[in-house]
Amino acid sequence: MPMVREIGGPAPTAAPFDGKWAILDAAPDATLVVDEQGRVVLANLQVERVFGGSRSEIIGAPLDRLLPLRYRQRHGRHLASFFANPRVRPMGAGLELLALRSGRDEFPVEISLSPIRVAGTPMVIATIRDVTERKRLEEALRSSEARFRGTLDTMLEGCQIIGHDWRYRYVNEAAAKQGRSPAAALLGHLMMEVHPGIETTPAFAILKRCMDDRTPAEVENEFIYPDGTRAWFQLAIQPVPEGIFVLSLEITRRKHIEEQIRKLNVELEHRVQERTRELQRVNTELQSRTIALEAANKELDGFSYSVSHDLRAPLRAIDGFSRLLEEACGSKVDAEGLRFLAMIRTQCHKMAQLIDDLLTFARMGRKPIAASEINMEALAREVFEEVCGQAGMKSVGLQVGPLPPAWGDPSLIRQVWTNLLSNAIKYSATREQPQITVSGQARTAETEYCVRDNGVGFDMQYYNKLFAVFERLHSAEEFPGSGVGLAIVHRIVSRHGGRVWAEAKENEGAAFYFTLPRGSSEDASTPVN
Amino acid sequence: MRRLQSIDVLLVEDSFSDAELTLRTLRKDEIGERVYWVKDGAEALDFMFREGAYVERDSSQKLLLVLLDLRMPKVGGIEVLRRLKGDIRTRTTPVVILTSSDEPRDIAETYRLGVNSYIVKPVKLAAFREVVSQVGRYWVYANQVPAG
Numbered sequence: 467m468p469m470v471r472e473i474g475g476p477a478p479t480a481a482p483f484d485g486k487w488a489i490l491d492a493a494p495d496a497t498l499v500v501d502e503q504g505r506v507v508l509a510n511l512q513v514e515r516v517f518g519g520s521r522s523e524i525i526g527a528p529l530d531r532l533l534p535l536r537y538r539q540r541h542g543r544h545l546a547s548f549f550a551n552p553r554v555r556p557m558g559a560g561l562e563l564l565a566l567r568s569g570r571d572e573f574p575v576e577i578s579l580s581p582i583r584v585a586g587t588p589m590v591i592a593t594i595r596d597v598t599e600r601k602r603l604e605e606a607l608r609s610s611e612a613r614f615r616g617t618l619d620t621m622l623e624g625c626q627i628i629g630h631d632w633r634y635r636y637v638n639e640a641a642a643k644q645g646r647s648p649a650a651a652l653l654g655h656l657m658m659e660v661h662p663g664i665e666t667t668p669a670f671a672i673l674k675r676c677m678d679d680r681t682p683a684e685v686e687n688e689f690i691y692p693d694g695t696r697a698w699f700q701l702a703i704q705p706v707p708e709g710i711f712v713l714s715l716e717i718t719r720r721k722h723i724e725e726q727i728r729k730l731n732v733e734l735e736h737r738v739q740e741r742t743r744e745l746q747r748v749n750t751e752l753q754s755r756t757i758a759l760e761a762a763n764k765e766l767d768g769f770s771y772s773v774s775h776d777l778r779a780p781l782r783a784i785d786g787f788s789r790l791l792e793e794a795c796g797s798k799v800d801a802e803g804l805r806f807l808a809m810i811r812t813q814c815h816k817m818a819q820l821i822d823d824l825l826t827f828a829r830m831g832r833k834p835i836a837a838s839e840i841n842m843e844a845l846a847r848e849v850f851e852e853v854c855g856q857a858g859m860k861s862v863g864l865q866v867g868p869l870p871p872a873w874g875d876p877s878l879i880r881q882v883w884t885n886l887l888s889n890a891i892k893y894s895a896t897r898e899q900p901q902i903t904v905s906g907q908a909r910t911a912e913t914e915y916c917v918r919d920n921g922v923g924f925d926m927q928y929y930n931k932l933f934a935v936f937e938r939l940h941s942a943e944e945f946p947g948s949g950v951g952l953a954i955v956h957r958i959v960s961r962h963g964g965r966v967w968a969e970a971k972e973n974e975g976a977a978f979y980f981t982l983p984r985g986s987s988e989d990a991s992t993p994v995n
Numbered sequence: 586m587r588r589l590q591s592i593d594v595l596l597v598e599d600s601f602s603d604a605e606l607t608l609r610t611l612r613k614d615e616i617g618e619r620v621y622w623v624k625d626g627a628e629a630l631d632f633m634f635r636e637g638a639y640v641e642r643d644s645s646q647k648l649l650l651v652l653l654d655l656r657m658p659k660v661g662g663i664e665v666l667r668r669l670k671g672d673i674r675t676r677t678t679p680v681v682i683l684t685s686s687d688e689p690r691d692i693a694e695t696y697r698l699g700v701n702s703y704i705v706k707p708v709k710l711a712a713f714r715e716v717v718s719q720v721g722r723y724w725v726y727a728n729q730v731p732a733g
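Chains A and B are the protein sequences, given in the same order.
Residue numbers 467 to 995, in my numbering, belong to the letters of the first sequence in order.
Residue numbers 586 to 733, in my numbering, belong to the letters of the second sequence in order.
Source of the hints: derived by calculation from the structure; they are not laboratory data.
Even for Gly, the Cβ is constructed at its ideal location relative to N, Cα and C.
Mixed in with the good hints, there may be bad ones.
[Unchecked claim] Computed list of chain B residues with no C-beta within reach of chain A, every gap over 12 angstroms:
| hint | residue |
| --- | --- |
| 1 | Glu605 |
| 2 | Thr610 |
| 3 | Glu615 |
| 4 | Arg635 |
| 5 | Ala638 |
| 6 | Ser645 |
| 7 | Leu649 |
| 8 | Arg656 |
| 9 | Thr675 |
| 10 | Thr678 |
| 11 | Ser702 |
| 12 | Pro707 |
| 13 | Val708 |
| 14 | Tyr726 |
[Claimed, not checked] Label pairs and their calculated CB-CB ranges:
| hint | chain 1 | residue 1 | chain 2 | residue 2 | range |
| --- | --- | --- | --- | --- | --- |
| 15 | A | Leu752 | B | Ala712 | 43 to 49 angstroms |
| 16 | A | Asp767 | B | Gly671 | 54 to 60 angstroms |
| 17 | B | Lys659 | A | Glu792 | 33 to 39 angstroms |
| 18 | B | Ser702 | A | Ser772 | 32 to 38 angstroms |
| 19 | B | Ala693 | A | Asn731 | 57 to 63 angstroms |
Use the sequences and the hints to build the structure in full.
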């Protein structure tokens with residue numbers, strides 16, 4: 467193949483420029499025609515732009531003036547060898563050199579050479595391209611690629627690029643570590659080769675969908691290693707020109723924690739359900755108990771109603787007719803007989819009193835509490851006078867300390883004072899100088915009151931019987947009573963949300979305490995049935 | 586049957602002993618002879634409205650007092666009171682409850698129905714006599730009832 471083009475006509479000369487050569491001015495690159503002696507015969511317009519200066523200075527001058535000094539000698543040899551063996555050397559065939567602009571600045575060039583003959587004289591057309599910009603771009607690209615690659619390589623997340631052919635194109639260190647096989651064992655290999663059976667996994671289906679549909683996906687996947695161990699990965703799959711890009715983050719620990727949380731939640735839910743069932747059971751039981759209690763209350767109510775009406779008539783008959791007997795036949799009955807009649811009536815009256823007290827006690831439980839503020843000091847004094855009057859006691863000493871006002875049902879609280887004060891009077895009546903002290907104090911949540919006497923007191927050993935219905939710590943012969951008074955006190959105070967207690971020593975007096983909650987009675991106003 | 590013409594007081598009482606004690610007491614005040622005693626509420630209603638055995642009763646003379654027990658077989662005192670106070674023929678007749686019980690709800694209910702007085706029979710004879718005598722004398726001798 468002829469390597470040298472034959473161009474007819476006269477050889478180019480420095481000037482004037484032959485019209486045939488003028489076409490070179492249209493070429494995009496700087497173009498020089500150089501003869502065998504290394505002299506520039508012709509230069510196109512681009513030469514001025516590339517090398518600086520005017521081409522008239524370049525034409526006729528040695529070519530090596532356009533080269534850095536250190537290359538000039540070598541260039542001469544190259545030139546000689548070129549002419550000795552002339553052939554086309556296209557651009558990018560390794561001819562990257564440095565050229566000199568305006569005799570000062572070096573810049574990279576790419577050169578193509580085409581041997582020609584002009585009118586029989588061997589010459590060479592050199593096309594020179596300034597590749598400064600390209601070199602810069604190449605360098606920028608190289609450093610940017612290095613940066614990105616470095617980033618990918620050192621990322622904590624695993625990064626893989628899998629080609630359309632399912633071969634690994636890129637695997638970073640983290641991905642290799644995650645897969646427990648070196649990158650070298652993966653790169654270029656089919657995914658299915660490396661992980662046999664992967665095609666049947668749901669994760670692969672997602673990879674495939676991304677590969678085929680070019681849609682990104684995110685999935686959490688449990689990976690099973692050949693040795694049977696497992697690990698969880700969060701995968702972000704992105705379509706990329708080469709195939710798909712898979713970003714993987716190991717989340718085994720997080721999964722385990724999540725699983726623990728899930729288990730705990732399930733357990734908690736179980737417990738909640740269990741508790742709910744338990745609560746429902748208790749509730750149901752409570753409801754049935756409430757119903758039973760209501761029924762029992764109704765029965766008790768009917769019972770006390772019946773007691774109230776029916777138990778008194780026979781007593782009235784016993785009292786009335788024994789009295790009538792005495793009146794009608796008094797003269798026929800001897801003293802002993804009259805004593806018997808009197809005993810019948812005494813016991814009859816006792817029975818009537820028991821019934822009265824029992825009914826009072828029963829009614830305490832069902833009377834709704836109508837609470838208001840009570841002046842306890844005035845009430846205690848008033849009740850004391852009343853009780854003393856009834857008992858015919860004149861010489862009982864009373865000391866009423868300042869008492870805080872109370873919040874409660876006035877009629878019920880009056881009953882409390884009545885029972886406590888009449889007890890105090892009753893059990894201190896045998897003393898030479900009966901003395902009763904009433905005191906009180908306000909506390910944060912409640913007010914406390916105390917009735918203290920210097921009477922016979924009682925043995926604390928029997929304390930647990932003190933507030934029970936019909937329980938007595940003294941004989942009825944010694945101190946009359948039905949044993950309901952303190953039970954009534956206890957019931958009233960309890961219904962108000964307060965407490966009752968006592969302290970005593972035999973023959974050394976007794977002190978009875980009760981408290982009432984302070985303030986609004988809303989919470990204490992519910993009747994306890 | 587006793588002369589119904591001279592009846593001023595109707596005693597409605599199922600307890601024989603209470604009835605006897607009441608009648609004995611009223612006799613002392615010379616009211617006893619003018620008292621007619623029925624043993625339950627049903628009979629009381631027959632008497633008042635001239636039904637059953639009392640169809641023939643002469644009602645030209647108005648009763649001065651009905652002494653009414655509450656707890657009785659068949660028709661109780663509350664029901665009798667309701668009927669008496671709910672009927673134009675009988676609602677001006679004074680009705681006094683005479684019962685063993687001081688049950689608050691009975692007191693409230695009878696007053697709601699328009700009772701004229703509510704008396705609890707004491708257990709002790711002396712007190713019983715005192716109360717019944719007072720009631721009898723008050724309503725028979727002192728009180729005035731509308732004519733007709």
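Inset, instruction - Please settle this one: B:Pro707 was flagged as non-interface, so is its CB more than 12 angstroms from every CB on chain A? - result: It is violated; B:Pro707 is separated from chain A by about 8 angstroms at its closest Cβ, not greater than 12 angstroms.
Legend entry - Minimum Cβ-Cβ distance from B:Thr610 to chain A exceeds 12 angstroms: B:Thr610 not clear of chain A: closest Cβ-Cβ about 10 angstroms, inside 12 angstroms.
Inset, instruction - Take a look at whether the Cβ-Cβ distance between A:Asp767 and B:Gly671 falls inside 54 to 60 angstroms. - result: 27 angstroms, violated
Inset, instruction - Hey, is B:Arg635 genuinely clear of chain A, shortest beta carbon separation above 12 angstroms? - result: 29 angstroms, holds
Inset, instruction - Verify that the Cβ of B:Ala638 lies farther than 12 angstroms from every Cβ atom of chain A, and report whether the claim holds or is violated. - result: It holds; B:Ala638 is separated from chain A by about 26 angstroms at its closest Cβ, greater than 12 angstroms.
Legend entry - Pairwise beta carbon distance, B:Lys659 to A:Glu792, judged against the given window 33 to 39 angstroms: Check passed, 36 angstroms falls within 33 to 39 angstroms.
Legend entry - Distance rule for B:Tyr726, whose beta carbon must clear each one in chain A by more than 12 angstroms: Holds, because the least Cβ-Cβ distance between B:Tyr726 and chain A comes to about 24 angstroms, which exceeds 12 angstroms.
Legend entry - 32 to 38 angstroms as the expected CB spacing between A:Ser772 and B:Ser702, which holds or is violated: 24 angstroms, violated
Legend entry - Outside-interface status for B:Ser645 - nearest CB in chain A farther than 12 angstroms: It holds; B:Ser645 is separated from chain A by about 35 angstroms at its closest Cβ, greater than 12 angstroms.
Inset, instruction - Hey, is B:Arg656 genuinely clear of chain A, shortest beta carbon separation above 12 angstroms? - result: Per Cβ check, B:Arg656 is inside 12 angstroms of chain A; nearest 4 angstroms; violated.
Inset, instruction - With 12 angstroms as the threshold, tell me whether B:Glu605 passes as away from chain A on beta-carbon distances. - result: 8 angstroms, violated
Legend entry - Pairwise beta carbon distance, A:Leu752 to B:Ala712, judged against the given window 43 to 49 angstroms: Check passed, 47 angstroms falls within 43 to 49 angstroms.
The earlier numbered hints that this structure contradicts are 1, 2, 8, 12, 13, 16 and 18.
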